[in-house]
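Asker: Sequence:
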Amino acid sequence: MRKRNIIRLAADNVMSHVLQLGGNIVLAMVLLLLIAVLISVYSMSTNIRRSLQESGIRNIDTLCEIRFLDELDSELQSDPAMDIIKSVDGVEAVTCAWQTGYINTDPALEKLKNIQIGHSFQAIDDEDGKDGLYYIEIDATIQNIWKMKLDEGILIEELKPMEDGMYLYLGSAYKDKIEVGTKYIGEVGDQSYTYVVAGILEKGQSFPVSQMEMLDFSDVTGTIPLDYEVLACPGEIFCNHSDFYFSIKQGHSYVKIKRSLMQKLAKAGYKDIKVIDIGKAIENGEEMSRKINYNIIQMLILVGLTFCIVLLCIQILDFLRRRREYGIMLTAGFSMKNITWMILWENILKFLLAYGCSLFLVWWLFIHIIEPDQLMVFSYRSIYWKRVVPILGEISILFVALSTICPVFMIYKCSPIDLLGKEGE
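Going by the numbering used here, the first residue of the sequence shown is number 797, and it counts up by one from there.
In case anyone wonders, no lab produced these hints; they're calculated from the structure.
One should not assume that every hint holds.
[Stated by the list, open to error] Distance condition first, Cα-Cα at most 20 angstroms in a straight line; then the derived EDC-like pairs of lysine to aspartate or glutamate: (1) Lys882 - Asp857; (2) Lys1063 - Asp1039; (3) Lys1045 - Asp879; (4) Lys1067 - Glu861.
[Claimed, not checked] Distance windows between CB atoms, simulated: (5) Glu959 - Lys1087: 51 to 59 angstroms; (6) Leu1101 - Trp1160: 25 to 33 angstroms; (7) Pro1168 - Glu1083: 21 to 29 angstroms; (8) Leu823 - Glu906: 53 to 61 angstroms; (9) Leu1113 - Met811: 15 to 23 angstroms; (10) Lys907 - Val1185: 45 to 53 angstroms; (11) Lys1063 - Leu951: 34 to 42 angstroms; (12) Leu951 - Arg1183: 27 to 35 angstroms.
Each residue gets a CB set at the ideal place from its N, CA and C atoms; glycine is no exception.
All chains, full assembly: derive it from the sequences and hints.
Answerer: Below you can see the structure in the form of structure tokens.
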């Protein structure tokens, strides 16, 4: 019998039992939806370190932040504090803390703004950004703890100082639209200001959020995709903020370095200082996520085993209900191979419907129940396509196999006479 005819017969069998089809699909959807939720929670709670590492952050385990809680006198800010931090034994690298959420309204950047509108993950909604260009402000020392990947252009450590100007690194979406080296002349106050496109970032490059110490196991991501974003480095190329990130050399004590830092900075006139061990904060978040994930794995195993038992019971009942049908098919000339393919295609059609409906429902619930912002949508989209979709597909294939093996095995063990049974059975 041709495979096309077997598929048509399987489809007719499925559609001729609408109530049973509906019940099977609902049962499978409930299982797949529950598994999808568990996979999503598991993936989101283990995503922080992975996203930070993929962004190019170096030495996550030994990364720290130093924050000046009081407003500082201008003479105490930036370079002097950085020099003090560098001088502490055991400090490996230092950079000025970056700032996200800046918006530049200079008309000179109109072309860049028009490319970015509706795509910036720093914007609250799609309407934001129409009045200006979103950018992340960094300085040249960022290369000490973050690896910039360029498609073309000049690396940040190779830039030359420029008065009254700013270097721009554009995301991959600007490639072929904006050339490296392009200059825009604008105004800041009453003075002329120059913007120079120093490079185009590689596609898929991302950048850490500005407050990494706030990350915990409930965060979907610790990074911002840069495809439509702009990194801005002031032409003076020195740190112009009062907060810093630094990493510690292997084998050195965080406690001793913190004590030494506090003493040196206090002696130099800096007060109300807070030192944060970001590596430890991320580790604590991971420990919390491990406890949660242990429970999630137990639930996945329990749900999977329960459904397997329920599925086998349903298949046994379905076999008992249809055994005369199988007996008639065998006596009518159908081969065991034909019946096996028919049952397989029936189950493929059922689980294909359940799989498709489950995926739609998972995404719909995420959008309408959680009401995520753009960054969360982007981050979950990656989890959705890389984990939820393939894992649910694999589980569906497994259940198709189980749903097929059970009745085929019982048919194989019975003769046509046994399947037909006595009249009235």
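Asker: Determine for every hint whether it applies to the structure shown.
Answerer: Do the hints match the structure? See the list:
1. Lys882 - Asp857: holds, 19 angstroms
2. Lys1063 - Asp1039: Holds, because 18 angstroms separates the two Cα atoms, which is no more than 20 angstroms.
3. Lys1045 - Asp879: Holds, at about 17 angstroms.
4. Lys1067 - Glu861: OK: Lys1067 and Glu861 at ~16 angstroms, within 20 angstroms.
5. Glu959 - Lys1087: 51 to 59 angstroms: Hint holds: Cβ distance 54 angstroms, inside 51 to 59 angstroms.
6. Leu1101 - Trp1160: 25 to 33 angstroms: holds, 28 angstroms
7. Pro1168 - Glu1083: 21 to 29 angstroms: holds, 26 angstroms
8. Leu823 - Glu906: 53 to 61 angstroms: holds, 56 angstroms
9. Leu1113 - Met811: 15 to 23 angstroms: 20 angstroms Cβ-Cβ, so the 15 to 23 angstroms window holds.
10. Lys907 - Val1185: 45 to 53 angstroms: violated, 37 angstroms
11. Lys1063 - Leu951: 34 to 42 angstroms: Holds, since Lys1063 and Leu951 (Cβ atoms, about 36 angstroms apart) stay within the stated range.
12. Leu951 - Arg1183: 27 to 35 angstroms: holds, 34 angstroms
Consistency with the previously given hints fails for number 10 only.
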